[in-house]
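Colleague: Produce the entire structure from the sequences given, and follow the hints as far as they go.
Residue numbers (full-length UniProt numbering), protein chains in the order written: chain F, 1 to 276; chain B, 1 to 276; chain P, 1 to 276; chain Y, 1 to 276.
Quick caveat, the hints were computed from the structure, so don't treat them as lab data.
One should not assume that every hint holds.
Repeated chains share a single entry, so a pair holds when one copy, or any two copies, can fit it.
What the hints assert, rightly or not - With a cut-off of at most 20 Å between alpha-carbon atoms, the simulated SDA-like pairs for lysine to any residue come out as follows:
id : residue 1 : residue 2
1  : K208      : H138
2  : K246      : L95
3  : K24       : T113
4  : K84       : N3
5  : K246      : W205
6  : K84       : C219
7  : K208      : M86
8  : K84       : D210
9  : K208      : W82
10 : K208      : T40
11 : K208      : H136
Protein chains: 4
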Amino acid sequence: MANFKGHALPGSFFLIVGLWWSVKYPLKYFHQKGKSSQLTRHYQRLEITEAAIRTLFSVIGILAEQFVPDGPHLHLYNEDHWIKLMNWQHSTMYLFFAVSGVTDMLTYLSAHTPLGVDRLVMALATFTEGFLFYYHVHNRPPLDQHIHSLLLCAVFGGALGLFLEAILRDNIVLELFRTSLTILQGTWFWQIGFVLFPPFGRPEWDQKEDSNIMFITMCFCWHYVAALCIVATNYSLVSCLLTRLKRQREGEIIGIQKLKSDHSYQTALLSGSDEE
Amino acid sequence: MANFKGHALPGSFFLIVGLWWSVKYPLKYFHQKGKSSQLTRHYQRLEITEAAIRTLFSVIGILAEQFVPDGPHLHLYNEDHWIKLMNWQHSTMYLFFAVSGVTDMLTYLSAHTPLGVDRLVMALATFTEGFLFYYHVHNRPPLDQHIHSLLLCAVFGGALGLFLEAILRDNIVLELFRTSLTILQGTWFWQIGFVLFPPFGRPEWDQKEDSNIMFITMCFCWHYVAALCIVATNYSLVSCLLTRLKRQREGEIIGIQKLKSDHSYQTALLSGSDEE
Amino acid sequence: MANFKGHALPGSFFLIVGLWWSVKYPLKYFHQKGKSSQLTRHYQRLEITEAAIRTLFSVIGILAEQFVPDGPHLHLYNEDHWIKLMNWQHSTMYLFFAVSGVTDMLTYLSAHTPLGVDRLVMALATFTEGFLFYYHVHNRPPLDQHIHSLLLCAVFGGALGLFLEAILRDNIVLELFRTSLTILQGTWFWQIGFVLFPPFGRPEWDQKEDSNIMFITMCFCWHYVAALCIVATNYSLVSCLLTRLKRQREGEIIGIQKLKSDHSYQTALLSGSDEE
Amino acid sequence: MANFKGHALPGSFFLIVGLWWSVKYPLKYFHQKGKSSQLTRHYQRLEITEAAIRTLFSVIGILAEQFVPDGPHLHLYNEDHWIKLMNWQHSTMYLFFAVSGVTDMLTYLSAHTPLGVDRLVMALATFTEGFLFYYHVHNRPPLDQHIHSLLLCAVFGGALGLFLEAILRDNIVLELFRTSLTILQGTWFWQIGFVLFPPFGRPEWDQKEDSNIMFITMCFCWHYVAALCIVATNYSLVSCLLTRLKRQREGEIIGIQKLKSDHSYQTALLSGSDEE
Numbered sequence: 001m002a003n004f005k006g007h008a009l010p011g012s013f014f015l016i017v018g019l020w021w022s023v024k025y026p027l028k029y030f031h032q033k034g035k036s037s038q039l040t041r042h043y044q045r046l047e048i049t050e051a052a053i054r055t056l057f058s059v060i061g062i063l064a065e066q067f068v069p070d071g072p073h074l075h076l077y078n079e080d081h082w083i084k085l086m087n088w089q090h091s092t093m094y095l096f097f098a099v100s101g102v103t104d105m106l107t108y109l110s111a112h113t114p115l116g117v118d119r120l121v122m123a124l125a126t127f128t129e130g131f132l133f134y135y136h137v138h139n140r141p142p143l144d145q146h147i148h149s150l151l152l153c154a155v156f157g158g159a160l161g162l163f164l165e166a167i168l169r170d171n172i173v174l175e176l177f178r179t180s181l182t183i184l185q186g187t188w189f190w191q192i193g194f195v196l197f198p199p200f201g202r203p204e205w206d207q208k209e210d211s212n213i214m215f216i217t218m219c220f221c222w223h224y225v226a227a228l229c230i231v232a233t234n235y236s237l238v239s240c241l242l243t244r245l246k247r248q249r250e251g252e253i254i255g256i257q258k259l260k261s262d263h264s265y266q267t268a269l270l271s272g273s274d275e276e
Numbered sequence: 001m002a003n004f005k006g007h008a009l010p011g012s013f014f015l016i017v018g019l020w021w022s023v024k025y026p027l028k029y030f031h032q033k034g035k036s037s038q039l040t041r042h043y044q045r046l047e048i049t050e051a052a053i054r055t056l057f058s059v060i061g062i063l064a065e066q067f068v069p070d071g072p073h074l075h076l077y078n079e080d081h082w083i084k085l086m087n088w089q090h091s092t093m094y095l096f097f098a099v100s101g102v103t104d105m106l107t108y109l110s111a112h113t114p115l116g117v118d119r120l121v122m123a124l125a126t127f128t129e130g131f132l133f134y135y136h137v138h139n140r141p142p143l144d145q146h147i148h149s150l151l152l153c154a155v156f157g158g159a160l161g162l163f164l165e166a167i168l169r170d171n172i173v174l175e176l177f178r179t180s181l182t183i184l185q186g187t188w189f190w191q192i193g194f195v196l197f198p199p200f201g202r203p204e205w206d207q208k209e210d211s212n213i214m215f216i217t218m219c220f221c222w223h224y225v226a227a228l229c230i231v232a233t234n235y236s237l238v239s240c241l242l243t244r245l246k247r248q249r250e251g252e253i254i255g256i257q258k259l260k261s262d263h264s265y266q267t268a269l270l271s272g273s274d275e276e
Numbered sequence: 001m002a003n004f005k006g007h008a009l010p011g012s013f014f015l016i017v018g019l020w021w022s023v024k025y026p027l028k029y030f031h032q033k034g035k036s037s038q039l040t041r042h043y044q045r046l047e048i049t050e051a052a053i054r055t056l057f058s059v060i061g062i063l064a065e066q067f068v069p070d071g072p073h074l075h076l077y078n079e080d081h082w083i084k085l086m087n088w089q090h091s092t093m094y095l096f097f098a099v100s101g102v103t104d105m106l107t108y109l110s111a112h113t114p115l116g117v118d119r120l121v122m123a124l125a126t127f128t129e130g131f132l133f134y135y136h137v138h139n140r141p142p143l144d145q146h147i148h149s150l151l152l153c154a155v156f157g158g159a160l161g162l163f164l165e166a167i168l169r170d171n172i173v174l175e176l177f178r179t180s181l182t183i184l185q186g187t188w189f190w191q192i193g194f195v196l197f198p199p200f201g202r203p204e205w206d207q208k209e210d211s212n213i214m215f216i217t218m219c220f221c222w223h224y225v226a227a228l229c230i231v232a233t234n235y236s237l238v239s240c241l242l243t244r245l246k247r248q249r250e251g252e253i254i255g256i257q258k259l260k261s262d263h264s265y266q267t268a269l270l271s272g273s274d275e276e
Numbered sequence: 001m002a003n004f005k006g007h008a009l010p011g012s013f014f015l016i017v018g019l020w021w022s023v024k025y026p027l028k029y030f031h032q033k034g035k036s037s038q039l040t041r042h043y044q045r046l047e048i049t050e051a052a053i054r055t056l057f058s059v060i061g062i063l064a065e066q067f068v069p070d071g072p073h074l075h076l077y078n079e080d081h082w083i084k085l086m087n088w089q090h091s092t093m094y095l096f097f098a099v100s101g102v103t104d105m106l107t108y109l110s111a112h113t114p115l116g117v118d119r120l121v122m123a124l125a126t127f128t129e130g131f132l133f134y135y136h137v138h139n140r141p142p143l144d145q146h147i148h149s150l151l152l153c154a155v156f157g158g159a160l161g162l163f164l165e166a167i168l169r170d171n172i173v174l175e176l177f178r179t180s181l182t183i184l185q186g187t188w189f190w191q192i193g194f195v196l197f198p199p200f201g202r203p204e205w206d207q208k209e210d211s212n213i214m215f216i217t218m219c220f221c222w223h224y225v226a227a228l229c230i231v232a233t234n235y236s237l238v239s240c241l242l243t244r245l246k247r248q249r250e251g252e253i254i255g256i257q258k259l260k261s262d263h264s265y266q267t268a269l270l271s272g273s274d275e276e
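Modeller: Printed below as a string of structure tokens:
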């Protein structure tokens with residue numbers, strides 16, 4: 001993982017999940033107002049699919065970490081030293097997200113699973129990610145430590161939000177908060193990759209320079225502004241789309257009604273009776 | 001910003017906002033009990049105006065930080081060093097408050113924006129302010145660090161209160177709490193200015209003296225007592241004013257009713273009929 | 001304050017307040033179930049009296065700290081050094097409790113004060129006490145620091161509980177929690193006095209000995225067990241007393257009813273008619 | 001306690017409690033939906049029994065810590081040093097759990113005890129356990145400190161969950177969360193025993209090796225995944241069992257009804273009348 005790709009990959013995953021959520025939650029929020037039971041069933045199927053995909057990718061992640069050429073191949077201990085603990089740690093992170101994915105599926109598939117458990121397990125998975133990262137970055141240069149500790153803000157913020165969601169379920173504000181932090185995580189992983197392992201033969205960053213640390217702190221805030229803007233844009237796009245769709249459908253109904261009433265008016269005229 | 005004016009300016013802004021809130025929230029609270037839909041519309045217009053002004057000032061702040069004679073003029077990197085990171089940091093803070101202002105406007109202008117998002121974004125803006133300040137004051141003399149870290153108490157306290165408001169909306173206790181912390185921030189910025197950059201040719205403070213730090217800690221508490229008193233005074237003034245206005249109006253109505261009943265009594269006397 | 005009496009005095013105050021609360025809150029809790037409006041008025045008068053006494057003692061505390069023979073007599077700065085900052089700090093703590101007392105009175109005297117503000121201000125007063133203590137104990141021997149930092153657990157725990165009470169008002173669990181922490185504070189102040197300034201010519205404690213610190217940590221837990229037991233005892237005493245009083249009153253009513261029915265039975269016998 | 005058995009013993013207790021809870025809470029949750037008052041009485045008896053056993057074991061723990069051959073035998077201070085503070089600390093922990101057990105019993109035995117106090121006292125007992133552990137592990141080798149500090153995550157997480165339960169009672173999500181953390185504590189105590197005091201003559205761990213610390217961090221996460229799986233398994237077993245029992249009973253009822261209707265059908269046939 002200690003290269004550019006190793007950070008770009010998880011970054012892309014978090015980014016995709018975040019972007020998807022920034023569409024899903026507004027959609028759900030606007031549809032909930034309508035409260036049609038048919039839509040609810042559609043959403044359940046959607047949630048199950050999402051959870052299944054999340055589980056699948058986590059399992060792929062575990063297998064990849066274990067069976068890449070220089071991976072541990074499920075060997076943990078060899079005579080007198082641990083084998084590839086980094087890969088094992090990443091496998092552990094993926095494992096938690098897999099558990100969270102399975103819990104999500106169970107919540108929607110079985111009526112016996114209590115609501116909120118899915119959010120709790122996702123909060124625990126996110127917390128574990130932060131927990132492992134926290135002990136991950138000891139004994140590194142200052143910039144490396146700082147850039148990873150900023151990531152922890154996003155991770156633990158997300159875990160806190162999810163823990164609250166376990167109690168206050170279906171709160172759109174908390175859901176959007178989580179979405180924005182997920183996007184932030186995604187873009188920040190990319191940023192870490194660009195800073196610590198500059199691609200395209202760019203010059204390395206001086207990891208002890210104070211002004212670099214100062215810039216990175218500020219840069220983190222910019223990433224979050226961008227994440228908030230993305231969420232806001234997707235939210236308003238969904239809102240516009242649904243409004244237009246609704247108007248169109250209502251327009252059709254009104255048109256049909258108009259046609260009907262025109263017809264009945266003509267009929268009334270012809271028959272000379274007052275049908276209204 | 002590293003001078004007296006640089007602290008007096010934000011101090012004044014926070015002070016004005018705090019004072020304004022210490023009038024607005026009591027007003028809203030007392031009017032909410034009446035629940036007239038016309039008043040609600042007035043408050044919405046008020047909120048939009050406030051948010052617009054807040055956005056405007058934030059944008060002015062960004063432009064000022066960028067285009068003052070010794071500002072970065074939107075240049076971020078020059079050959080091998082970052083340009084005026086301090087100004088960029090302040091611009092970032094203003095940017096967050098601008099985003100918060102825009103969110104506030106949207107909450108009241110569009111029915112699609114979920115309630116609570118405005119408070120969440122304001123909480124994030126306040127948190128970011130504290131976050132940037134936190135990494136701002138490394139490698140400074142003890143008094144400088146301490147006086148800024150006290151500011152963080154007010155800032156993070158405010159962010160926590162705002163985050164709770166995102167869930168418990170329109171809670172007058174939390175709103176007054178936030179108001180008092182905003183006034184505290186305002187007056188404390190002034191205090192920082194006076195301590196670190198004494199105006200009027202006053203002697204400098206010894207930044208390593210322990211008793212100075214001890215005094216400043218206590219002084220911070222006095223500022224908060226003052227802030228609480230200001231909020232309480234404005235609250236009671238608003239309360240008295242509204243009660244008097246209400247009595248006056250009711251007095252008029254009673255007067256009119258009395259006139260009417262007198263008139264009807266006379267009419268009754270004249271006509272000899274019992275109209276009551 | 002840096003002597004035995006200086007710790008025994010605040011200890012006694014907190015202890016008395018805690019003991020009083022351990023009677024008051026159970027009383028209120030049991031009476032609330034009855035929901036008589038007359039009792040409510042009695043409680044309001046009680047609360048006002050309590051708040052007035054609290055304010056009075058706080059003002060006496062401020063005056064005492066200022067005008068004791070070696071106090072600052074309201075002088076803060078003298079040529080080039082601060083005067084008696086310790087006394088000023090204690091005055092500041094008392095000031096906050098005075099403000100909290102006044103707020104409590106206003107909450108019950110004026111219908112315009114929003115409920116919850118009294119708890120918020122009390123939380124702020126408690127927080128300020130802990131805040132000043134926190135910066136109070138730098139540069140002291142380890143045992144001194146440790147014994148004061150344990151006090152902070154009780155203080156900040158109480159502040160947190162009070163902040164929750166500002167939102168969840170009249171929650172008996174939170175009220176008993178606060179009561180127990182107040183008693184703990186009271187007894188712990190006494191303990192600090194005994195450890196740091198042994199009275200009756202006892203030998204001094206070795207302030208650097210590790211086992212002393214270990215014992216003090218455990219001792220703090222014992223104090224809390226004692227505080228919990230005191231609260232539980234008072235709670236059950238109040239509960240028993242009220243039950244007995246209620247039975248007595250009901251007994252009288254039943255007795256009277258019995259007398260009445262006996263009388264009517266005799267009357268019925270005499271008159272030969274069935275009056276029941 | 002500084003040996004393998006000293007960690008295996010509390011580990012087993014926590015494990016048993018955790019496993020028992022992972023059966024009890026799902027049972028209660030599924031039965032609550034039925035809301036039969038008879039079941040409620042059964043659960044109360046169950047809770048009282050559990051609390052009594054918990055109290056009993058805590059008292060046994062206190063006595064054992066005091067009266068083992070090398071225990072303090074209730075002597076605390078001897079001339080100039082504290083006697084066996086470690087045993088006293090463990091006694092203190094047990095004392096808190098005993099108090100918690102007694103509170104639990106009182107909550108169910110007496111209608112006067114306010115609901116939520118039992119959870120609050122259990123939260124305080126758990127917090128005290130963590131509090132004493134926190135000051136317990138100073139001046140030890142890095143791995144020893146780390147492995148104990150990981151335990152604190154489980155302990156303080158449990159205390160937080162219990163504190164929330166004091167306010168949000170009977171929340172199945174919080175109850176399962178607490179259950180999983182209790183199991184984690186149990187298995188982790190065993191792990192500590194295996195790492196610090198390897199049984200069966202295994203080689204000692206190098207307590208300063210960085211990779212050992214890294215592995216232990218990850219291992220803690222695996223323990224939690226295992227704890228989550230245990231809770232999930234027990235939850236689904238209980239769910240299946242209850243569903244089958246319910247179906248069986250309903251099946252019987254339907255069978256009886258069928259028999260009855262068959263009988264009445266035959267009667268109807270015989271008598272020629274239509275009884276349905």
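Colleague: Indicate, hint by hint, whether the structure satisfies it.
Modeller: Cross-check of the supplied hints:
Both within a single protomer and between protomers do K208 and H138 lie at most 20 Å apart by alpha-carbon distance, with minima of 15 Å and 14 Å respectively. Taking the closest pair of Cα atoms, K246 and L95 never come within 20 Å of each other, the shortest separation being 42 Å inside a single copy and 36 Å across copies. Taking the closest pair of Cα atoms, K24 and T113 come within 20 Å of each other only across two copies (15 Å); inside a single copy the shortest separation is 23 Å, beyond that limit. In this assembly of identical chains, the alpha carbons of K84 and N3 lie at most 20 Å apart only when taken from the same copy (16 Å versus 31 Å across copies).
Proximity of K246 to W205 under the C-alpha cut-off of 20 Å is found in neither arrangement, the shortest distances being 53 Å within a copy and 67 Å between copies. For a Cα distance limit of 20 Å, the shortest separation of K84 from C219 across copies, 14 Å, qualifies, whereas the shortest one inside one copy, 32 Å, does not. In the homo-oligomer, the alpha carbons of K208 and M86 lie at most 20 Å apart only across protomers (19 Å), although the nearest pairing inside one protomer, at 24 Å, exceeds that limit. When the C-alpha separation of K84 and D210 is checked against a cutoff of 20 Å, the pair qualifies only between copies, where the shortest distance is 13 Å, while the shortest distance within a copy is 32 Å.
Taking identical chains as interchangeable, the C-alpha atoms of K208 and W82 lie at most 20 Å apart only when they sit on different chains, with a minimum of 14 Å there against 31 Å within one chain. In this assembly of identical chains, K208 and T40 lie within 20 Å of each other by CA distance neither inside one copy nor across copies; the values are 53 Å within and 55 Å between. Taking identical chains as interchangeable, the C-alpha atoms of K208 and H136 lie at most 20 Å apart whether they share a chain (19 Å) or sit on different chains (16 Å).
Violated hints for the displayed structure, listed by number in ascending order: 2, 5, 10.
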